[in-house]
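Asker: One-letter residues, chain by chain:
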Amino acid sequence: MSRLICPFCGPRELREFEFHKTLPNAGDTPFERVYLRVDSLTHSVEHWQHIQGCRAWLHVERNPSTGAVLVMRLATAPGVA
Amino acid sequence: MKGPMPRYSALALLRARFQGARYWKPLWTGRTLKAAYDVVVVGAGGHGLATAFHLARDHGLKVAVLERRLVGYGNVGRNTTILRSNYLLPENHYFYEDSLRRWETLSRDLNYNVMYSPRGVVDLCLSDGDMITASRRGNAMRLAGIDSELMELDALERFAPELAPRRSRRFPIVGALVQRRGGTARHDAVAWGYARGATALGVDIIEDCEVQGLCTEAGVATGVETSKGLVRANRVVFATAGHTGMVGAMLGVPLPIETHLLQAMVTEPIKPLINSVLIYVHPGHGETYVLQSDRGGVVMGGYLDGFPSYTREGQWHRLEEVVQGAADLLPEIGGLRILRQWAGTNDMTMDGSPIMDRVKYDNVFLNAGWCYGGFKTIPASGAACATLVATGLAPDIARGFRLSRFATGHLLDERGGGPFPVRL
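Chains as they are written, first to last, in my numbering: chain C, 1 to 81; chain L, 1001 to 1424.
Be careful, since some hints might not be right.
Non-contacting residues of chain C with respect to chain L, defined by C-beta distances greater than 10 Å in every case (computed) [stated by the list, open to error]:
#	residue
1	Phe8
2	Cys9
3	Pro11
4	Gly27
5	Thr76
Pairwise CB distance ranges, derived in the manner of DEER restraints [claimed, not checked]:
#	chain 1	residue 1	chain 2	residue 2	range
6	C	Leu74	L	Ser1293	43 to 49 Å
7	L	Gly1392	C	Gly27	25 to 31 Å
8	C	Arg55	L	Asp1147	25 to 31 Å
9	L	Thr1105	C	Gly67	24 to 30 Å
10	C	Arg55	L	Arg1108	26 to 32 Å
11	C	Ile5	L	Leu1013	55 to 61 Å
12	C	Gly27	L	Cys1215	23 to 29 Å
Which stretches of chain L does chain C cover? Using the computed rule of at least three CB atoms under 8 Å from a CB of chain C, they are [stated by the list, open to error]:
#	stretch
13	1170 to 1178
14	1194 to 1202
15	1256 to 1267
16	1374 to 1383
Simulated from the structure, these hints should not be mistaken for laboratory data. Since this is a predicted model, take the numbers as computed values, not measurements. We put the beta carbon where it would ideally sit given N, CA and C, even for glycine.
When you get a sec, could you build the whole thing from the sequences and use the hints?
Answerer: Following this line, the structure appears as structure tokens:
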């Protein structure tokens, strides 16, 4: 995955993007949200930002064992479809 | 294996010369898995093997080490072998210093040459701000009795002439924090030496044996389910760095760990050029550290790739940055070809410091979260983890590495970077 496809800017080099955090949160308390991670070998849901591009927050789903990007779209607030 | 392990010595080499190849015996293979042990250690990497070695030697326990692939397949065979104890926080530097002291005598203790080479670790400073930060860290170390020298250009020129610190660079070097006792060791030899030492003490090292689950009864772990059947154990230690997140998933306990890739690369061998370990944070390209292996290759590495991954493939943009930084630092290596590039999976904790504690059950232990500093801590981690497992109480130098520190706020945030495994 040396490129990611930004929904606004198209295919861009990986270095333009910044990984933020895996989802879902491990729990609802601030400690669980900030410090704990639910890990998976095959399916990782993450927030990224196109920090050196359009700066959009992105919802990314990847397979961390193969590097394949499964979904990449604009992130939405919790509860928004 | 039959008979005791032969002790290596000059005389033994001579004997081997006359007896031929049959003198040499396998160092750890051929053990069969028994039904029950005092302690089962999961993972035959540096930390697992060292823990097993100390459990058997210092505490006389019956131990098995279960490994999904091969001895030393993971990070102990993939790191860039840098040894140092130049940490700022007391909880860290006392522990890392204990480790460095053990490195100094490790070859003798294991009767196996781990090729410890105290060639000096040089943290380069590019600004007055860097010098102030370095002197703060250096002073903290000196207060703890750990060697550390803040060098200005004259001293640095004498210590590392190959660096030519005064040569014209876009970002001139103004000084360095140097730890002379820091250096390197042979990574594979550490795994092999501990595996051999543990086997000689009766530890069963079982390769190709995947641990698939933990058996429990009334809130106590009773053993592990493996691809080779059930094994009963009074205590279980997970030393599966790089895959500790999977242990968390198996136990149903979310851990303060993300798994990130760290890559390294080595050039074709050249004649001796670089004497010490050079660590350089270029304001444009990021971190690069450069050293020369005993074989002559220039070994380089830098930051993490920046996102969770289990692929063991480094990303191109990071490789490019590392190489640019190295070529900026030592322009004469710019024309060398890179022979190999690889990556390892790192347990990155949320404060950058390790975890050595019980997890979920009273008799299940975690030796994890070594971030990118696992190799240098192998000897101290093995001894400390064995004490924790055998006595139930971690030694003083490892008390700070509790799992609960993230909840109570007693973080060991060496970088002062906040609750993130990566922030570049």
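Asker: Work down the list of hints and note, for each, if the structure agrees.
Answerer: Here is how each hint holds up against the structure:
Every Cβ of chain L is farther than 10 Å from the Cβ of Phe8 (chain C); the closest lies at roughly 20 Å, confirming the non-interface assignment. Every Cβ of chain L is farther than 10 Å from the Cβ of Cys9 (chain C); the closest lies at roughly 17 Å, confirming the non-interface assignment. Every C-beta of chain L lies more than 10 Å from that of Pro11 (chain C), the closest at about 14 Å, which supports listing it as non-interface. Non-interface call for Gly27 (chain C) relative to chain L: violated, since the shortest CB-CB distance, roughly 8 Å, does not exceed 10 Å.
No Cβ of chain L approaches the Cβ of Thr76 (chain C) within 10 Å, the least distance being about 21 Å, so the stated non-interface status holds. Our hint of 43 to 49 Å for Leu74 (chain C) and Ser1293 (chain L) holds, since their Cβ atoms are close to 47 Å apart. Distance hint check: the CB atoms of Gly1392 (chain L) and Gly27 (chain C) are about 28 Å apart, consistent with the given range 25 to 31 Å. In this structure the supplied range 25 to 31 Å is violated for Arg55 (chain C) paired with Asp1147 (chain L), their Cβ-Cβ distance being about 46 Å.
Against the hinted window of 24 to 30 Å, the Cβ-Cβ separation of Thr1105 (chain L) and Gly67 (chain C) comes to about 42 Å, which falls outside the hint. Distance hint check: the CB atoms of Arg55 (chain C) and Arg1108 (chain L) are about 57 Å apart, inconsistent with the given range 26 to 32 Å. For the hinted restraint 55 to 61 Å between Ile5 (chain C) and Leu1013 (chain L), the CB-CB distance of approximately 60 Å keeps it satisfied. A C-beta distance of roughly 26 Å is found between Gly27 (chain C) and Cys1215 (chain L), which places it inside the suggested range of 23 to 29 Å.
Coverage of the stretch 1170 to 1178 of chain L by chain C is violated in this model, with 0 residues showing a Cβ closer than 8 Å to a Cβ of that chain against a need of three. As drawn, the stretch 1194 to 1202 of chain L meets chain C at 0 residues by the rule of a beta-carbon pair under 8 Å; below three, the given contact is violated. With a threshold of 8 Å between beta carbons, the proposed coverage of the stretch 1256 to 1267 of chain L by chain C holds, since 4 of its residues qualify and at least three are required. Here the stretch 1374 to 1383 of chain L counts 0 residues with a CB under 8 Å from a CB of chain C, which misses the bar of 3, and the coverage is violated.
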